[in-house]
Amino acid sequence: MHLLNRNKWLIWLGISPSLIVYTLFCMIPIGISFYYSFQNWDGFSDPSFIGLDNFAALMKDQVFWSSLKNNMFVLLASVLGQIPIALLFALLLNGKLRGAKFFRTVGFLPVAISTVIISLTWNMIYNTQYGLINTLLKAVGLEQLAHNWLGDQKWAMLAVCVTIVWQYVGLYLVIFLAALQNVPAETLEAAEIDGATGFVKTIKIIIPMIWGTILVSIILCISGSLKTFDLIYVMTNGGPAHTTDVMAIYMFNKTFSSFQYGYGSAISVAIFVVSLLLISVASRLLKVKED
Amino acid sequence: MKRSHTVISKAVSIMLVLILSVGLTACGSGSNSSNEPENKPSNGGTATEEPAKNVELTFWNIWNGSDAYMGVLNDKVSEFQKENPNIKVKIEQMPHDQYKLKLKASAAGRQLPDMFVVWPGAELKPMVDGNTVLPIDDLAAEYKDKLIPSANLIDYQIDGKQYAIPNIVVYTHMIYYDKDILAKAGYSEFPKTYAEFKEMVVKVRDLGVTPIALGNKGQWVLQSCYISTIGDRMTGSDFLVKAMSGEKKFTDPEFVGGLNVIKELTDLKAFNEDMNTIDNNQHLDYFVQGKAAMFVEGTWSLGGVQEKLPKDRNLGLAIFPAVEGGAGNPQALSGVTGQGVAINKDIDPGKLDAARQFIRFLSSEDTYNRLLAKDQLVPATVTVPSDASDTLKQLISLTSGGVAPVYDAVLTPQLTEIINNGLQSITMGTKSPEEVASELEAAKAK
Numbered sequence: 206m207h208l209l210n211r212n213k214w215l216i217w218l219g220i221s222p223s224l225i226v227y228t229l230f231c232m233i234p235i236g237i238s239f240y241y242s243f244q245n246w247d248g249f250s251d252p253s254f255i256g257l258d259n260f261a262a263l264m265k266d267q268v269f270w271s272s273l274k275n276n277m278f279v280l281l282a283s284v285l286g287q288i289p290i291a292l293l294f295a296l297l298l299n300g301k302l303r304g305a306k307f308f309r310t311v312g313f314l315p316v317a318i319s320t321v322i323i324s325l326t327w328n329m330i331y332n333t334q335y336g337l338i339n340t341l342l343k344a345v346g347l348e349q350l351a352h353n354w355l356g357d358q359k360w361a362m363l364a365v366c367v368t369i370v371w372q373y374v375g376l377y378l379v380i381f382l383a384a385l386q387n388v389p390a391e392t393l394e395a396a397e398i399d400g401a402t403g404f405v406k407t408i409k410i411i412i413p414m415i416w417g418t419i420l421v422s423i424i425l426c427i428s429g430s431l432k433t434f435d436l437i438y439v440m441t442n443g444g445p446a447h448t449t450d451v452m453a454i455y456m457f458n459k460t461f462s463s464f465q466y467g468y469g470s471a472i473s474v475a476i477f478v479v480s481l482l483l484i485s486v487a488s489r490l491l492k493v494k495e496d
Numbered sequence: 062m063k064r065s066h067t068v069i070s071k072a073v074s075i076m077l078v079l080i081l082s083v084g085l086t087a088c089g090s091g092s093n094s095s096n097e098p099e100n101k102p103s104n105g106g107t108a109t110e111e112p113a114k115n116v117e118l119t120f121w122n123i124w125n126g127s128d129a130y131m132g133v134l135n136d137k138v139s140e141f142q143k144e145n146p147n148i149k150v151k152i153e154q155m156p157h158d159q160y161k162l163k164l165k166a167s168a169a170g171r172q173l174p175d176m177f178v179v180w181p182g183a184e185l186k187p188m189v190d191g192n193t194v195l196p197i198d199d200l201a202a203e204y205k206d207k208l209i210p211s212a213n214l215i216d217y218q219i220d221g222k223q224y225a226i227p228n229i230v231v232y233t234h235m236i237y238y239d240k241d242i243l244a245k246a247g248y249s250e251f252p253k254t255y256a257e258f259k260e261m262v263v264k265v266r267d268l269g270v271t272p273i274a275l276g277n278k279g280q281w282v283l284q285s286c287y288i289s290t291i292g293d294r295m296t297g298s299d300f301l302v303k304a305m306s307g308e309k310k311f312t313d314p315e316f317v318g319g320l321n322v323i324k325e326l327t328d329l330k331a332f333n334e335d336m337n338t339i340d341n342n343q344h345l346d347y348f349v350q351g352k353a354a355m356f357v358e359g360t361w362s363l364g365g366v367q368e369k370l371p372k373d374r375n376l377g378l379a380i381f382p383a384v385e386g387g388a389g390n391p392q393a394l395s396g397v398t399g400q401g402v403a404i405n406k407d408i409d410p411g412k413l414d415a416a417r418q419f420i421r422f423l424s425s426e427d428t429y430n431r432l433l434a435k436d437q438l439v440p441a442t443v444t445v446p447s448d449a450s451d452t453l454k455q456l457i458s459l460t461s462g463g464v465a466p467v468y469d470a471v472l473t474p475q476l477t478e479i480i481n482n483g484l485q486s487i488t489m490g491t492k493s494p495e496e497v498a499s500e501l502e503a504a505k506a507k
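So the sequence lines, in the order shown, correspond to chains A and B.
By our numbering, the letter at position 132 of the first sequence is numbered 337, and the numbering carries on one by one without gaps.
By our numbering, the letter at position 246 of the second sequence is numbered 307, and the numbering carries on one by one without gaps.
In short, the hints are calculated from the structure, not lab data.
Watch out, some of these pointers could steer you wrong.
[What the hints assert, rightly or not] With a cut-off of at most 25 Å between alpha-carbon atoms, the simulated DMTMM-like pairs for lysine to aspartate or glutamate come out as follows:
{"id": "1", "chain 1": "A", "residue 1": "K265", "chain 2": "B", "residue 2": "E495"}
{"id": "2", "chain 1": "B", "residue 1": "K222", "chain 2": "B", "residue 2": "D198"}
{"id": "3", "chain 1": "B", "residue 1": "K352", "chain 2": "A", "residue 2": "E348"}
{"id": "4", "chain 1": "A", "residue 1": "K359", "chain 2": "A", "residue 2": "D435"}
Let's have the full structure, built from the sequences with the hints guiding it.
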């Protein structure tokens with residue numbers, strides 16, 4: 206530590222390449238977005254300064270609030286869906302299950318498939334007339350459960366979230382599996398000698414020992430769900446009638462389809478603020494637990 | 062020993078993956094440079110004259126679908142390539158919905174290619190205001206009132222200047238129906254009034270067939286193909302301009318009445334349930350598979366339906382019937398000229414002549430004749446061949462009743478987005494026609 210203290214310029218030299226790239230492509234564009242959020246601008250002509258008008262309009266914009274609500278929905282579904290499911294499968298696969306390698310590969314496969322392909326495939330699965338789910342439901346006589354999954358405002362967001370959970374479970378599965386490998390066998394053996402059952406071992410030893418990994422995964426989950434864009438863009442493009450709009454899609458459509466670059470920038474500033482708030486709250490909450 | 066062995070084999074496989082990916086990238090970029098030898102002037106043989114300067118023109122279009130006009134225009138592009146080996150046209154093609162988005166974003170970022178297909182009116186205006194499109198008045202003068210009547214050039218004019226030469230005429234509304242299904246429902250010809258049309262919808266539904274296949278995921282179908290014409294039946298053709306200038310309001314009963322037609326049709330279960338999750342290609346599929354009695358789309362679909370529809374099915378063409386109490390001309394159809402190619406304002410001056418030459422070649426009498434032969438309507442005054450198909454004759458008679466404006470060519474992009482989403486809300490029952498109308502009026506006032 207003292208060695209590094211003496212050569213502070215060395216530290217700066219070391220991080221300068223990434224710092225320059227980060228400033229150029231992250232910090233400066235964020236700054237520019239703030240600037241444009243105070244302008245009335247269609248992307249072509251000269252922007253005119255309108256103060257906080259964009260934000261005043263945003264506060265009254267129902268579509269924005271419903272897109273924020275949808276973002277929170279995705280966030281909850283991710284944290285409460287992906288993490289527990291991935292943990293369960295990781296625990297199962299970590300045991301002496303036959304074909305564990307095969308299941309691991311199958312579980313990870315969706316992560317490696319392009320999001321566009323996933324979206325198109327799930328669009329077919331959800332299709333009302335010939336989709337897999339409705340065909341299956343009709344085949345077993347449960348027609349009353351068949352719905353217009355992506356077209357009905359009651360089901361659309363849920364259907365999208367199921368796909369998101371399905372897509373990323375594999376990622377956390379692999380992360381958890383790696384963490385489970387590091388749980389020392391000696392500790393588990395000792396517990397067994399003390400008469401601990403599998404369930405007790407899991408709750409009292411394994412989960413506490415990989416708790417750090419779980420926390421990191423939760424943070425990843427939160428930030429991942431805030432930037433959700435591509436999957437929903439292809440599946441529904443926020444439709445029907447804004448039902449599945451998340452903030453990023455609303456921003457994109459306002460900016461690039463209806464030429465409201467100023468208003469779009471105001472939405473991105475809002476995304477920035479919400480993300481900052483959530484991440485800082487989450488990391489603070491989780492740190493308390495860590496102590 | 063074993064451990065070191067696995068380490069080595071792992072290292073080897075990682076190396077292999079790296080080498081493979083580097084190799085693949087190299088192959089990918091290699092295809093770009095493979096044209097170089099062709100471009101070099103050849104030394105051997107009879108070529109005595111000075112080789113012309115080589116020019117590369119980048120060109121974006123949407124001609125990768127099944128619409129008949131796309132094939133004709135693509136053929137013309139490749140013929141141009143053959144006749145002008147010194148001009149290389151580098152083409153990038155995208156599907157319609159994505160293309161429009163990319164074009165707007167690229168225009169704002171000044172990343173447009175040398176030439177690109179543009180849509181007239183409100184879509185073109187911001188690009189012109191942003192100084193990204195080159196006026197081609199001199200080129201237009203070669204066409205004006207010679208090959209193309211000046212009325213057909215107007216769509217591509219902004220503030221009196223011409224920005225593209227239209228290649229086709231599209232009417233955004235046409236009802237394609239299955240004559241046999243309608244006959245089974247008791248209709249030997251298409252209903253003449255909206256009230257009869259609604260009765261027919263109920264009868265067709267009772268047969269267990271979806272009356273109208275609709276794929277509105279892209280949101281423009283209900284707006285461009287439905288409400289542009291249906292709205293016109295209620296309001297008359299001067300309403301949009303008056304509404305934009307403040308003389309009329311979107312909350313006026315005649316406009317709300319147009320939106321209400323969509324609500325009534327939805328309430329009658331005229332559409333397939335998944336209308337908002339499938340796109341217009343899929344609604345064509347439903348119709349072709351015999352799951353629906355009709356579908357509504359522009360005249361551009363004709364080629365695709367004829368190609369896909371089995372021979373034993375009878376295709377009928379119709380337009381939306383007269384609406385009782387409507388102020389509009391019951392024969393009018395929403396229509397616009399289209400597929401014009403515009404030139405980038407920032408084009409390298411050395412390439413400009415080649416670009417003009419390309420447009421002259423593409424929008425030529427020969428092209429319009431070939432388009433007509435494929436049952437496509439054209440903006441040019443070329444004579445309809447005597448052996449024209451019955452379909453083309455029918456199409457020409459159906460579309461001769463007057464032209465109504467297409468909503469997204471007149472409304473600002475912002476208002477278009479609101480009406481697109483509003484129409485979806487109406488079909489989902491989440492908003493009433495009155496609410497959508499007042500949303501439009503409120504956004505207009507800004």
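Consistency of the hints with the structure:
Between A:K265 and B:E495 the alpha-carbon distance is near 20 Å, which keeps this suggested pair within the 25 Å criterion. For the proposed pair B:K222 and B:D198, the alpha carbon gap of about 6 Å is at most 25 Å, so the pair holds. Proximity of B:K352 to A:E348 is assessed by CA-CA distance (about 19 Å); at most 25 Å being required, the pair is judged to hold. Between the alpha carbons of A:K359 and A:D435 the distance comes to roughly 22 Å, so the proposed pair stays at or under 25 Å and holds.
In terms of the numbered hints stated before, the structure departs from none.
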